[in-house]
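In case you want the letters, here they are:
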Amino acid sequence: MTAPALSSEALADAVENLPRSALSATRQAALAQFLERGFPTTRLEDWKYTDLGTIVDISRRWLENGAPVPASAAMDDQIAEVRSSIDADWLVLANGRIMDGALDAAIPGITIKALSELPQGPNFERPLADLNAALLSDGLHISIGPGAEQERPLGFLIIDSAESDPGVSQIRIEIDVAADAQAQLIEYHTSTGNAGHYSNSVIACTLAEGASAEYVRVQNRDLKHSQTQRTSMRLAARSVLRYCGFDLGGQLIRNDLDIDIAGSEADASINGLYVAGDGQHIDNHVRVDHRTGPARSAQEYRGILGGRCRCVWNGKAIVHKGADGTDAKQANHNLLLTEGAEIDAKPELEIYADDVKCSHGTTVGQLDEAALFYLRTRGLDRKEATRALTRAFGASIVSRLPIASMSESLAAMVESRLRGLANGELS
Amino acid sequence: MLEIDDLYASIGDTPILNGLSLSINAGEVHAIMGPNGSGKSTLAQIIAGHEDYVVTSGTVTYKGNDLLGLEPEQRAREGIFLGFQYPVEIPGVNNAYLLKAAVNAGRIHRGQDEVDAFEFLKIAREKMAQLGMDPKFLNRGVNEGFSGGEKKRNEILQMALLEPELAILDETDSGLDIDALKAVAEGINSLRSPERAIVLVTHYQRLLDYVEPDFVHVLSEGKILRSGDKSLAMELEDKGYDWVREAASA
Ligand SMILES: Nc1ncnc2c1ncn2[C@@H]1O[C@H](COP(=O)(O)OP(=O)(O)OP(=O)(O)O)[C@@H](O)[C@H]1O
Ligand SMILES: [Mg+2]
Chain A
23 MTAPALSSEA LADAVENLPR SALSATRQAA LAQFLERGFP TTRLEDWKYT DLGTIVDISR
83 RWLENGAPVP ASAAMDDQIA EVRSSIDADW LVLANGRIMD GALDAAIPGI TIKALSELPQ
143 GPNFERPLAD LNAALLSDGL HISIGPGAEQ ERPLGFLIID SAESDPGVSQ IRIEIDVAAD
203 AQAQLIEYHT STGNAGHYSN SVIACTLAEG ASAEYVRVQN RDLKHSQTQR TSMRLAARSV
263 LRYCGFDLGG QLIRNDLDID IAGSEADASI NGLYVAGDGQ HIDNHVRVDH RTGPARSAQE
323 YRGILGGRCR CVWNGKAIVH KGADGTDAKQ ANHNLLLTEG AEIDAKPELE IYADDVKCSH
383 GTTVGQLDEA ALFYLRTRGL DRKEATRALT RAFGASIVSR LPIASMSESL AAMVESRLRG
443 LANGELS
Chain B
129 MLEIDDLYAS IGDTPILNGL SLSINAGEVH AIMGPNGSGK STLAQIIAGH EDYVVTSGTV
189 TYKGNDLLGL EPEQRAREGI FLGFQYPVEI PGVNNAYLLK AAVNAGRIHR GQDEVDAFEF
249 LKIAREKMAQ LGMDPKFLNR GVNEGFSGGE KKRNEILQMA LLEPELAILD ETDSGLDIDA
309 LKAVAEGINS LRSPERAIVL VTHYQRLLDY VEPDFVHVLS EGKILRSGDK SLAMELEDKG
369 YDWVREAASA
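For the protein sequence lines, the chains are A and B, in the order given.
Following my numbering, the numbering of the first sequence begins with 23 at its first residue and continues without gaps.
Following my numbering, the numbering of the second sequence begins with 129 at its first residue and continues without gaps.
It is worth saying that the hints were derived from the structure and are not from the lab.
Wrong hints could be hidden among the right ones.
As the list claims (entries may be wrong) - Calculated pairs, SDA-like style, for lysine to any residue (alpha carbon to alpha carbon, straight line, at most 20 Å): (1) 343/A with 289/A; (2) 405/A with 263/B; (3) 264/B with 224/B; (4) 405/A with 258/B.
Unchecked claim - Some residues of chain A that are not near chain B, with every Cβ distance over 12 Å (derived): (5) 28; (6) 41; (7) 46; (8) 98; (9) 125; (10) 148; (11) 149; (12) 330; (13) 367; (14) 398; (15) 400; (16) 410; (17) 416; (18) 421.
All residues carry an ideal CB built from backbone N, CA and C; glycine is no exception.
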């Protein structure tokens, strides 16, 4: 596919029509870069399996409509539902806009600012971060101070609606966790509406020395909506990251998770579960840069695939020169329920240091027929037995959820997705 | 209750059952014995509905209806239980979940109310106590890491909870220590009733000392060579299978 173009005039107008703020200058520079680079294409090695055609199309139609921002009132019910099912201090970003109240939330030890209040504009170096910075109305900057004692996790509720016209929204969140501070963070992405939607998120999180973060990301979008996301995490010395990501919904999903192990004795656990059914495409690219050692990273992603769908997992670990004593593990396991389900799994290791312990493994398997038969001889029908086996397959990720208070609601979400998969998408 | 008439079945191109006929009535206990590889487990798996075995001719009726057209879960809900010779390990699927789901699948089928978690645990613990099983097995994965004997007890636990009308126990007595054998035998005996039938596939007289069969059959090369009462089992113990084969061909 050739570099898909959006009308540069329409894009420039959309940027021009954003509320003026300190971000305006960055927007122009980011726009110039995006117009030059465009959307990543499948000719790029990193994007080989993921064609952004759907997303380009939505963006084009959105621009043709004058780049509207729908009212967020229609989402009140959904917002209330998330609030009631997961206990967190929620900051709501609806259709790419920071909702009233988010900036005034008073949480002891946590400072919340708009990105437009900061002296420096957002970074837009990485692919699609330029599009994000160009079209960004505003973003959030969160500082979690050393004294912060969170009573409940801090949650970012990223919600979009595209009722009748296509929509596009940009999300940018920066989080700094101070030295020795402890943070519990949740990102929850969801959406409603029958028209196409594209959400582009850029999240940057830094953990200072000795800081720790328990981080859960849930992407539970409507199956007609698409998302790209880049999450960058920087770990200073002795910091600990416990990350768990879930992709349950969405049509075309591309996640880039970049973990920068910048200080010795940093420790990152990265776990992910993706559940894909008919028509879904979920791509997870995880890159861990070990810049110094000793330090540890361990990632495990699991996928449950049904219907006609395609998933991609690419786990790259780069152990840089001098990062001696690195311990890096990568694993990816997939359960394919149907013939139409496809997975491209690729672990990559680049090692330029001595004395490192690295391992990787990927598996692709089908349902265990003997187990399925055994369960059926006990009276469970095929759907229920399938669900029991898929649930068991995902359980090793679900059980590692670092924020215990949300485990029940998360298990229910996974369950409801698996139910959908077992009911309609096994043909 | 179960009528098997001139059954031929194969796996792939290999014929395994060769004209097997067997009639089992409610209230009866049948023992099926026979050399390794003669087709005992194949018969049991076919009755339970395993799809790998292809019935090439013959019929099987259960409670007056064709059995072979039913899905495995329908057979289970209609009261058929198979205790596997090799129970399957299912890591990550909780034993309690399976037991409860199995009990409720049967109850829903019969138009009864489902048992709730509380009630279920009460019944399960009772049955486990009778079988000398530690309640901690409820929280483990189905057969996951169970010892050979523990797996067999778990099969009997499932049977005790499901209270089947037709129980087929495929070498449930193999690999059991003497206490376990007694517990399993008690489990089987407590299920004996005029409404139920039990089929024991076994290699040993030992189990039959505790669970007295009404009929003993010898299965060889895919068909029943000889049937008799419990004295046949003792005779076999003495004389081996060659004696039956010779007698059959004579
Ligand atoms: N999947 C299969 N593929 C090929 N042959 C098979 C398969 N399953 C069973 N058989 C063959 O069918 C025959 C009967 O096997 P079956 O398990 O029914 O014997 P059995 O009487 O239960 O023996 P045992 O006493 O050892 O348990 C054996 O020769 C076996 O090798
Ligand atoms: Mg056998």
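Requested in this report: Run the C-beta distances from residue 410/A to all of chain B and say if the shortest one exceeds 12 Å.
Outcome: Contrary to the label, residue 410/A does not stay out of reach of chain B, its closest Cβ about 5 Å off (not over 12 Å).
**Report entry** Beyond 12 Å from each Cβ of chain B, as asserted for residue 398/A
**Finding:** It is violated; residue 398/A is separated from chain B by about 4 Å at its closest Cβ, not greater than 12 Å.
Query raised in the report: Should the label of residue 125/A as a non-interface residue stand, given a Cβ cut-off of 12 Å to chain B?
Result: 44 Å, holds
Requested in this report: Against chain B, does residue 148/A hold up as non-interface, every C-beta pair farther apart than 12 Å?
Outcome: Per Cβ check, residue 148/A is outside 12 Å of chain B; nearest 37 Å; holds.
Query raised in the report: Beyond 12 Å from chain B, beta-carbon-wise, is residue 367/A?
Result: 21 Å, holds
Report task. Please confirm whether residue 400/A is truly not at the interface, meaning its C-beta sits more than 12 Å away from all C-beta atoms of chain B. Result -> 4 Å, violated
Requested in this report: Verify that the Cβ of residue 330/A lies farther than 12 Å from every Cβ atom of chain B, and report whether the claim holds or is violated.
Outcome: Per Cβ check, residue 330/A is outside 12 Å of chain B; nearest 24 Å; holds.
Query raised in the report: Between residue 343/A and residue 289/A, does the CA-CA distance stay at or below 20 Å?
Result: 19 Å, holds
Query raised in the report: Since residue 416/A was said not to touch the interface, does its Cβ keep a gap of more than 12 Å from each Cβ of chain B?
Result: 9 Å, violated
Report task. Evaluate the condition: distance from the CB of residue 149/A to the nearest CB of chain B exceeds 12 Å. Result -> 37 Å, holds
Query raised in the report: Can we confirm that no CB of chain B comes within 12 Å of the CB of residue 421/A?
Result: Check fails; 9 Å does not lie beyond 12 Å.
Query - Minimum Cβ-Cβ distance from residue 41/A to chain B exceeds 12 Å - result: Per Cβ check, residue 41/A is outside 12 Å of chain B; nearest 50 Å; holds.
Of the numbered hints given earlier, the model fails hints 2, 4, 14, 15, 16, 17 and 18; all others are met.
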